[in-house]
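Enquirer: In case you want the letters, here they are:
There are 2 protein chains.
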Amino acid sequence: MATRDPKQERAIRTRDLIVRAAAEVFEESGYHAASVAKISAKAGVTQGALYFHFKTKQAIAQEVMHAQGSFVQIPDEGRGLQRLLDVNFYLARELQRNVLFRAGVRLAVEQGEIGIQDASAYQGWADQFHEILVEAREEGELLADVDEREFAQVLVGAYSGTQLYSKVATGSVDLIERIASLWRYLLPGIATAEALARLSVRPNWAEPRG
Amino acid sequence: MATRDPKQERAIRTRDLIVRAAAEVFEESGYHAASVAKISAKAGVTQGALYFHFKTKQAIAQEVMHAQGSFVQIPDEGRGLQRLLDVNFYLARELQRNVLFRAGVRLAVEQGEIGIQDASAYQGWADQFHEILVEAREEGELLADVDEREFAQVLVGAYSGTQLYSKVATGSVDLIERIASLWRYLLPGIATAEALARLSVRPNWAEPRG
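Listed in order, the protein sequences are those of chains A and B. Numbering-wise (the working numbering), the first sequence opens with residue 178 and increments by one. Numbering-wise (the working numbering), the second sequence opens with residue 178 and increments by one.
Misleading hints may appear alongside valid ones.
Copies of one chain are not kept apart here, so a pair can be met inside one copy or by any two copies together.
[As the list claims (entries may be wrong)] Okay, derived cross-link-like pairs now, SDA-like style, lysine to any residue, Cα gap no bigger than 20 Å in a straight line: (1) K232 to R190; (2) K234 to A210; (3) K234 to R190; (4) K234 to G289; (5) K219 to L373; (6) K232 to Q185; (7) K184 to G221; (8) K234 to T223; (9) K215 to Q239; (10) K232 to L373; (11) K232 to A244; (12) K234 to G207; (13) K219 to F229; (14) K219 to K234; (15) K234 to S206; (16) K219 to R190.
Please keep in mind that the hints were generated in silico from the structure rather than gathered at the bench.
Modelling step: build the complete structure from the supplied sequences, incorporating the hints.
Expert: This is how it looks when you write it as structure tokens:
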């Protein structure tokens with residue numbers, strides 16, 4: 178096994194500290210109000226060290242955006258459509274309570290203001306959802322005319338806007354409820370009657386509706 | 178009939194000029210890079226006149242966001258679900274070619290960076306879609322368990338994220354295609370079999386797929 182030298186280890190740790198501190202500062206203040214001074218202070222590194230890793234604030238923001246998937250640990254349970262639902266609800270809960278993940282998603286949504294146009298974070302989620310949809314196909318849960326790749330993209334778009342609407346309407350308090358509503362109307366378009374009867378469109382840890 | 182005095186007429190016209198000029202500047206430059214000087218110059222009014230109508234740049238942005246519905250003239254044709262589809266495709270085309278509408282939507286999406294949290298633009302569209310869904314219910318097009326108000330909100334959320342994803346992925350070039358995909362998976366969850374067979378999930382003015 179290759180061992181990394183201590184200098185390289187330290188550099189990776191420093192970079193990670195910067196990205197996490199930046200996520201917190203962006204989420205607190207927004208991109209424009211955030212300063213490199215504040216980010217380096219929060220990370221506990223010098224501004225020189227910060228600039229060694231990132232040339233601009235925009236580059237840090239882009240990294241936070243790309244790192245959003247690494248800020249969540251998706252539980253490795255289940256298979257097929259129930260797994261897709263469970264992952265969707267897990268991500269909704271993380272959006273409510275995980276500041277790093279929230280920062281990555283927020284920067285992706287507001288990237289126009291950051292001066293970038295970069296779909297890779299969206300595409301990353303579409304790829305993840307696509308993989309689970311391929312499992313669902315293997316399990317015989319999908320209707321014949323469902324295009325797994327097309328639906329993965331539809332889901333990422335629909336999910337992104339749902340979280341945005343929930344955020345401006347209620348500060349994301351009703352996000353779980355809104356994701357459940359979205360799925361209620363999406364499932365009949367993709368799942369076989371047999372799968373539909375079996376699937377639970379509500380996370381077992383969430384409060385019952387009404 | 179009440180007649181407005183000329184001074185009042187002029188004030189309304191000036192305000193409208195400012196809002197339209199601001200929309201163009203925000204869409205060109207983004208909110209933070211836009212300046213009040215640039216907006217007043219584009220509107221052809223003095224900065225004093227601008228500040229008479231709006232105390233801050235944020236207030237102008239909020240007005241552009243709220244005015245988004247008035248930037249489009251939705252054709253008054255059809256009824257029920259086909260009308261809902263037609264309106265959705267009409268809005269997609271307007272997002273592609275109407276800079277004022279695009280600005281309003283962009284500011285609503287990026288409002289976190291503007292320092293506001295205001296769902297009224299989203300809610301306005303949900304109310305409009307809800308009205309059409311009530312017609313669809315009267316026409317017998319909706320499945321029994323569809324909640325018109327819930328679905329109107331699901332649609333606004335899903336639509337918003339779809340346009341956002343299309344914008345970062347392709348500069349909105351594939352927006353019509355993506356809205357068609359979204360509807361392909363949403364319709365079976367809301368429409369009766371009879372309505373499904375009749376509805377066209379593609380605007381007659383759009384290029385055929387593939």
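Enquirer: For every hint, state whether the structure bears it out.
Expert: Right, here's what the structure says about each hint:
For a Cα distance limit of 20 Å, the shortest separation of K232 from R190 inside one copy, 18 Å, qualifies, whereas the shortest one across copies, 46 Å, does not. Taking CA atoms no more than 20 Å apart as the test, K234 paired with A210 passes in both settings, with 11 Å inside one copy and 16 Å between copies. With identical chains, the CA atoms of K234 and R190 are at most 20 Å apart within one copy only, with a shortest distance of 19 Å there and 41 Å across copies. In the homo-oligomer, the alpha carbons of K234 and G289 lie at most 20 Å apart both inside one protomer (15 Å) and across protomers (18 Å), since each shortest distance falls under that limit.
Taking CA atoms no more than 20 Å apart as the test, K219 paired with L373 passes in neither setting, with 48 Å inside one copy and 55 Å between copies. Taking CA atoms no more than 20 Å apart as the test, K232 paired with Q185 passes inside one copy only; the shortest distance there is 19 Å, against 52 Å between copies. Taking the closest pair of Cα atoms, K184 and G221 come within 20 Å of each other only inside a single copy of the chain (17 Å); across copies the shortest separation is 59 Å, beyond that limit. Taking the closest pair of Cα atoms, K234 and T223 come within 20 Å of each other only inside a single copy of the chain (15 Å); across copies the shortest separation is 35 Å, beyond that limit.
Proximity of K215 to Q239 under the C-alpha cut-off of 20 Å is restricted to the intra-copy arrangement: shortest distance 17 Å within a copy versus 29 Å between copies. In this assembly of identical chains, K232 and L373 lie within 20 Å of each other by CA distance neither inside one copy nor across copies; the values are 50 Å within and 54 Å between. In this homomeric assembly, K232 and A244 come within 20 Å of each other (Cα to Cα) only inside a single copy, at 17 Å, whereas the closest approach across copies is 39 Å. In the homo-oligomer, the alpha carbons of K234 and G207 lie at most 20 Å apart both inside one protomer (12 Å) and across protomers (17 Å), since each shortest distance falls under that limit.
For the homomeric pair K219 and F229, the shortest alpha-carbon distance inside one copy (17 Å) is at most 20 Å, but the shortest distance between copies (41 Å) is not. When the C-alpha separation of K219 and K234 is checked against a cutoff of 20 Å, the pair qualifies only within one copy, where the shortest distance is 14 Å, while the shortest distance between copies is 31 Å. Taking the shortest alpha-carbon separations for K234 and S206, both the intra-copy value of 14 Å and the inter-copy value of 18 Å come in at or below 20 Å. Proximity of K219 to R190 under the C-alpha cut-off of 20 Å is restricted to the intra-copy arrangement: shortest distance 14 Å within a copy versus 49 Å between copies.
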